[in-house]
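**Student:** This is what each chain is made of:
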Amino acid sequence: MTPLSDIEGYLDLDPVEGLQAAWADADLPLGARARLVSRLAMKSRLTLEGAARICEASPAEVQALLDLATLDDDDLELVSQANPPVTTWFLFAGADSDWIRAGLEALEAVPDEEPVLCAVYEAMREQSGPDLDERIAAISGEILGHLSHKAKEYGKLSPKARKFLVDVAKRKQTGAPLTERQLNWLRSILFELVESGVVCSESPDADQELCDQVLGALGM
Amino acid sequence: MSRIKSYKNSPSPKLLEKIGATNLTLADAVAEIVANSFDAAVDGQPTIVEVQVDGEEVCVVDSGAGMTEEVLVEAVKLGVDMSDIVKKPQGAKGRFGLGMKTACASIGRWWAVYTRPIGSRSEFRVVFDLAEWERRPDAPEAWTIQVEELDLPADGPLGQREHGTAVVVRQIRQRDPLAGAVLTKLGEAFKPHLEQMDSILVNGDPAIPHKYTFVPNSRVPVEITFGTSDQFRIAGWVAIDKQTHNEGDYGFNIYRHAQLVQTWCQEWFAGHLMTSRIIGEVHMDFIDATFFKQGLQQSERWRQASAEMKEFLKPVVRASRELSRKGNINSPVLAQQIVSEMYVGLGLESPRSHDGGSGGDALGDQSSGDDQPKRELPKLRVDLESLVLEDGRELSLSLVEQELSTGGTPFDFLLDEAGLALLAVLNTSHPLFLETKDMEQLRILAIADSILRFLVDECGMSGRKAAEIRSAWILTRMHALPEAVRS
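Just so you know, the sequences run in chain order A and B. For the first sequence, our numbering gives the first residue as 39, with consecutive numbering after it. For the second sequence, our numbering gives the first residue as 4, with consecutive numbering after it.
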């Protein structure tokens with residue numbers, strides 16, 4: 039990783055001027071550029087839109103580079119060496135080390151002048167497994183029915199939310215997939231159940247296996 | 004043949020004026036004078052410092068030990084290391100013999116020091132008037148000062164105090180000195196003193212250290228030793244604030260001998276909105292501060308200390324980032340899990356075992372076994388039709404849902420020119436996203452907007468033509484939607 043001390047010239051400038059110069063410096067490695075732009079953007083106290091205007095870039099471009107700057111040094115160095123196209127920056131910025139490696143391998147395998155985003159995403163998805171919505175959607179009707187009953191016993195959730203759990207459990211028996219709105223509501227209900235202690239890691243209700251499945255689906 | 008001759012090397016009296024031409028703010032300069040007050044503390048007694056700030060006069064009066072005539076004479080000389088003259092308390096802040104003079108000269112063009120040494124029935128006064136100093140010739144005698152001995156006048160700035168020192172500055176350089184800025188600065192700069200028994204009043208108002216609202220259990224001690232036989236020690240704490248600090252007030256306040264020498268140091272981690280929750284204080288008595296205590300000298304010891312802090316902070320930085328990811332900060336369970344992981348990284352006992360399970364307003368460890376909350380990839384849609392351009396090239400279209408800024412653009416796009424791919428970005432922080440119930444249609448609008456802007460901005464197409472292509476694409480997409488969504 040290029041140490042910031044090597045690019046201190048930018049940091050000595052007025053933060054807005056430095057930001058403009060660092061953004062425009064095509065010779066800077068991606069990692070150093072990300073760290074530098076992040077630091078100068080914070081120092082300048084510009085809004086995202088303000089920083090984008092100064093850099094003559096779009097807010098999404100600036101945000102993507104700022105997000106890359108949040109990676110650990112080792113991960114950022116890997117990404118920096120590969121110098122992936124801007125369309126993949128959000129993906130790399132949100133990934134953990136294993137996913138990054140998988141994404142970079144996929145990146146190398148894509149022929150020149152072919153869009154790489156899809157390949158990188160698929161490789162990362164393979165590594166990361168099902169996402170939150172997919173894991174929630176996979177919770178069985180039996181568990182949801184149990185949670186509705188348990189929430190009633192604990193005096194948690196509104197009657198409407200408890201009924202929704204039962205409805206979803208029934209819907210699962212028919213094999214019909216949940217709509218996006220149903221999935222969003224189910225997610226918020228499950229989090230509420232965890233936060234109110236109905237679902238926990240040391241359940242006194244002889245339902246630990248079911249609780250663990252819910253906690254696992256929520257990524258806990 | 005060579006010969007050596009000696010010449011007296013005495014600075015011009017005009018130097019006294021010139022040392023005031025620093026970048027010190029009024030608040031910084033007053034803090035410099037107050038630092039001397041704490042250096043003069045009487046063992047076992049609280050030091051009370053009263054500051055008066057107005058357009059005519061800035062006055063700092065303390066209840067310290069005061070100075071004898073001999074000590075006063077040395078104290079007002081330039082560049083005298085007072086530790087050679089008087090035994091100072093351990094951790095004295097004054098070191099270079101320049102701070103008070105520089106501070107006074109930066110505040111005004113006339114100042115006086117009044118002092119009553121402990122156990123004495125006398126008060127001593129010395130006055131500096133820069134107008135008079137400027138008239139002095141360049142000669143060693145020009146630096147002569149006059150000390151006046153007085154019989155404890157009750158109407159002087161020291162009032163009825165038995166001992167202490169007052170520094171009075173007049174002919175103020177700043178037109179409208181702000182007492183509030185001085186109050187804030189002193190609250191920050193002398194936080195360790197204020198948290199013990201000492202106090203500072205500015206125009207009668209007490210200086211109070213700033214308080215933060217941290218994520219429960221996230222405040223952890225910093226205790227690092229390094230160097231040969233662990234002779235250097237960094238001690239303090241670090242915590243994660245519930246708020247991010249886009250205004251820049253985050254990082255570490257560094258104290259040397261209980262005085263703030265560096266505000267909001269962000270050198271030990273990459274500064275970013277997601278890391279701007281990190282707040283900490285560390286005491287590094289071994290480092291060298293610049294003479295006016297407004298920064299650190301970049302010594303080898305400082306570099307070593309920085310390396311130690313960078314390593315130590317890695318789990319904290321990770322926790323700050325994770326807490327800043329979508330929604331985590333609003334979920335006590337997830338927040339607690341992230342904090343627990345930070346404890347593991349720091350090699351500390353989990354917060355739950357610290358607080359007997361109460362966990363503040365969090366709920367303890369809810370983990371199902373895997374300690375770290377699972378990361379999620381951004382929501383990406385890559386299964387969209389491509390757009391065939393007039394020149395026959397195919398533009399691949401994708402969409403990502405991503406937080407940008409609350410008040411900014413609802414849609415934006417990124418372009419991979421090499422692979423001719425367009426990634427529409429749907430801003431999930433925007434009110435349009437937060438209020439919309441039909442997400443699928445919003446996604447279509449986001450891509451349509453990106454297509455329009457791409458055609459106009461990147462291909463130089465007329466707005467009318469680009470809008471036609473956009474509208475046609477929308478219709479295609481609407482037909483691709485399931486019936487339930489369309490109706």
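Hints are computed from structural coordinates only; laboratory data are not their basis. This one's a predicted model, so the numbers in the text were calculated from it and none came from an experiment. There could be a bad hint or two in this list.
To be verified - In silico DSS-like links for lysine-lysine, alpha-carbon gap of 27 Å or less:
#1 Lys-317/B to Lys-81/A
#2 Lys-245/B to Lys-317/B
#3 Lys-440/B to Lys-382/B
#4 Lys-245/B to Lys-210/A
#5 Lys-382/B to Lys-313/B
#6 Lys-210/A to Lys-317/B
#7 Lys-317/B to Lys-198/A
#8 Lys-208/A to Lys-440/B
#9 Lys-440/B to Lys-81/A
#10 Lys-201/A to Lys-194/B
To be verified - Derived Cβ-Cβ restraints for the label pairs, each shown as a range:
#11 Asp-52/A to Glu-461/B: 47 to 57 Å
#12 Arg-91/A to Gly-47/B: 37 to 47 Å
#13 Gln-119/A to Glu-397/B: 41 to 51 Å
#14 Asp-205/A to Trp-240/B: 28 to 38 Å
#15 Arg-396/B to Gln-119/A: 48 to 58 Å
Said to hold, decoys possible - To give an idea of the chain B side of the interface with chain A (calculated C-beta under 10 Å), a few residues:
#16 Ser-9
#17 Asp-57
#18 Gly-58
#19 Pro-195
#20 Gln-199
#21 Asp-244
#22 Asn-249
#23 His-275
#24 Thr-278
#25 Leu-418
#26 Cys-462
#27 Gly-463
#28 Met-464
#29 Gly-466
#30 Ala-469
The beta-carbon is built from N, C-alpha and C at its ideal position, and this holds for glycine as well.
**Student:** With the threshold set at 27 Å, check whether the alpha-carbon distance from Lys-210/A to Lys-317/B stays at or below it.
**Tutor:** 44 Å, violated
**Student:** At a threshold of 10 Å, is the proposed contact between Ala-469/B and chain A supported by beta-carbon distances?
**Tutor:** 17 Å, violated
**Student:** Do the numbers back the hint for Thr-278/B, that is, is its least Cβ distance to chain A under 10 Å?
**Tutor:** 7 Å, holds
**Student:** Between Lys-440/B and Lys-81/A, does the CA-CA distance stay at or below 27 Å?
**Tutor:** Given pair Lys-440/B, Lys-81/A is violated - Cα atoms ~37 Å apart, limit 27 Å.
**Student:** Hey, Lys-317/B versus Lys-198/A, does the alpha-carbon distance stay inside 27 Å?
**Tutor:** At roughly 44 Å apart (the allowed maximum being 27 Å), Lys-198/A and Lys-317/B break the hint.
**Student:** Once the shortest beta carbon distance from Cys-462/B to chain A is found, is it less than 10 Å?
**Tutor:** 16 Å, violated
**Student:** Check the hint pairing Lys-245/B with Lys-317/B against an upper bound of 27 Å on the C-alpha distance.
**Tutor:** 19 Å, holds
**Student:** Would you check whether Met-464/B satisfies its interface hint, that is, whether its CB is within less than 10 Å of any CB in chain A?
**Tutor:** Since the shortest Cβ distance to chain A is 18 Å, the answer is violated.
**Student:** Could you see if the CB distance from Asp-205/A to Trp-240/B stays within 28 to 38 Å?
**Tutor:** For Trp-240/B against Asp-205/A, whose Cβ atoms are near 49 Å apart, the range 28 to 38 Å is violated.
**Student:** Does the nearest C-beta of chain A fall within a distance shorter than 10 Å of the C-beta of Asp-244/B?
**Tutor:** Violated: closest Cβ of chain A sits about 15 Å from Asp-244/B, beyond 10 Å.
**Student:** Compare the distance between the alpha carbons of Lys-208/A and Lys-440/B with 27 Å, and conclude whether the hinted pair is satisfied.
**Tutor:** 24 Å, holds
**Student:** Could you tell me whether the CB distance from Arg-91/A to Gly-47/B stays inside 37 to 47 Å?
**Tutor:** Violated, since Arg-91/A and Gly-47/B (Cβ atoms, about 59 Å apart) do not stay within the stated range.
Against the hints set out earlier in the document, violations occur for numbers 4, 5, 6, 7, 9, 10, 11, 12, 13, 14, 15, 16, 17, 18, 19, 20, 21, 26, 27, 28, 29 and 30.
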